[in-house]
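K.L.:
In case you want the letters, here they are:
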Amino acid sequence: MVVDDRELKFSQAINEAIDTCMAKDPRVYVMGLGVPDPKGVFGSTLGLQQKYGTLRVMDMPTSENGMTGVAIGSALVGMRPIMTHQRVDFALLAIEQMVNQAAKWHYMFGGQMSVPLVIRMIIGRGWGQGPQHSQSLQAWFSHVPGLKVVMPATPHDAKGLLIASIEEDNPVIFIEHRWLYNVSGPVPAGWYQVPLGKAKVVREGSDLTITATSYMTLEALRAAETLAEEGIGAEVIDVRTLNPLDETLIMESVARTGRLLVADTAWKNVGFSAEIVARVAEKAFPYLKSAPCRVALPDCPAPTAPELSRYFYPHAAHVAAAARRMIGLSGDGRMAELAPAVPLDVPDPSFTGPF
Amino acid sequence: MEREILKRLFSEMLRIRMVEEKIAALYPEQEMRCPVHLCIGQEAIAVGTCANLARDDYVLSGHRSHGHYLAKGGDLKAMMAELYGKVTGCSKGKGGSMHLVDLSAGFLGATPIVGSTIPIGVGAALGTVMRGEGRVTVVFFGEAATEEGVFHESINLAALKKLPVVFVCENNFYSVYSPLAVRQPEGRQIFELAKGYGVESHQADGNDVVEVYEAAERAVRKARRGGGPTFLEFKTYRWREHCGPYYDNDLGYRSEAEFQEWRQRCPIDRMKERLVRESLLRQGDISEMAASLEAEIREAVVFAKESPAPEEEQLFDHICSP
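Going down the list, the protein sequences come from chains A and B.
According to our numbering, the first sequence is numbered sequentially starting from 227.
According to our numbering, the second sequence is numbered sequentially starting from 1185.
For the record, the hints were derived by calculation from the structure and aren't laboratory data.
Not one of these hints is a red herring.
Derived DSBU-like pairs (lysine-lysine); straight-line CA-CA distance at most 30 Å:
hint : chain 1 : residue 1 : chain 2 : residue 2
1    : B       : LYS1346   : A       : LYS265
2    : A       : LYS265    : B       : LYS1345
3    : B       : LYS1345   : A       : LYS250
4    : B       : LYS1346   : A       : LYS250
5    : B       : LYS1345   : A       : LYS277
6    : A       : LYS515    : A       : LYS494
7    : B       : LYS1346   : A       : LYS277
8    : B       : LYS1489   : B       : LYS1270
On a predicted model such as this, the values are computed, not experimentally measured, just so you know.
Whole structure, please, built from the sequences with the hints as guidance.
P.N.:
Printed below as a string of structure tokens:
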């Protein structure tokens, strides 16, 4: 077996997934504001227009709702569009087309047509992105039957899940976290899929299950490392696909560990984390040794000032503290050591802004 | 204009009128358990436009779509069964009157969110261009849709990409009960909006099927030869209530006198008078035509009523494509 130890950044993995699908299938095309511009949506679409031309990699009018309808219409007649939004918040202009149209066209016409459409949207965070550039609205989309919702956490999964999403015959909301863009990891060359609807145990443990989404998977892994040094075995599950949810994997894990902690990038109130807790309460209640716990955003809009973001974004220390309390220990533990070495408004020390 | 085309335009309008009147007559039985938006009075626009289209051209529509569906060649039995919520319906009972489709006839779909099929139609046109097909796409909508942002977004793109699409605006002056006067500035001519986007646009009498036919003929021909989009505004009037089988002039949002004035301009009566006057049809021919249509419609109603309803397990069918 050839070991593929090639490493790519998350943004390069996204780019490679699109490239791979466009080379394979002439029906695949990309549209989005700024897709062919010199920044190429944080690098994720760089070089594609040069390779595939202006018809298949198109910039667009600043008409999110209209252009989403256009993407749907083209999908109905045989194309496979990838719509790209630089922020989740901008995609909200297209909520009508996504929710009323894309999600329902298959069902409401009795299965005669499908909408093979991928809608990429990016969660901004930090550097003053503030209330309207950083929302994490996966729960909204996951609530709607007919929309599949994907949130990759690693470069490997970003490529494999995006290829699977592009080859999927249904609308897929593909949510990328800006803080993952510079993270590197092994990414196989060529075509491969990570199937939709499959979560993954990314670290094994027997004392509690941490179910995480997107960027919070990385924070959960950091927390798990520290907890291990304290003798606490945390199992970390990367949800990867929020709808359809891989409930089985989560239930199996909770049945073994007896404890559920959910770490989500979104608000707590009526959030995706609430859905996981509810399902476990309904289906795995007898296994629970302690009340489930959520580590998520406090229920206020994202603040802009860096001093406030410090109190807004939970990180590994919060995850670890919650885990300790669930086990019956003092939550504080080695809190200070897990506090981020950089301010919470930038993804890593090399970052000098702006996004 | 050829005699056969004139006769066909008439018979298709009559067919739509008779279908709608049958729905209105049967609706009080409460077996059609979905909203119905009848197009009685507006038939000429559907018929005059679709008569210029090939079967594989695409048509999309909104909530008042029965006429567009039938004029494009949509299957009548499947439509009636859909209204009755049956598995034999064109959307297997999942859609009802507001979600008609007949892919074999190029009727790509109708949905009732005002203006929302406009970008989908433009996208279908874009898709046909990308695929190198020569199809033309027509989107039907009411004048209220021109108040939706998505209309402006869509016509902008159609102009930008010179897409083979014809925007057909049926101006019946009311959005449910709200008159045009409370929705758009006085003196506006809706078709002028399209000119602001650099799109050729025309206004014509939507109750004159020949005028509609000729305007649509030019627009479709232009789209087909790669000349880009056209916007057509047809003034017309909905005779019945916004939603349901009855007349509603007693509500007071519009006057009986206004309705009677439009009724005098019935597109079907006008065409009938012309055909008789020019001796293209005799009264006897028309009676025969009506009898044959009545038989066809009766058969469709029987089919719909006798078809099975969907079963419980079909609730979860078609949420996602396998």
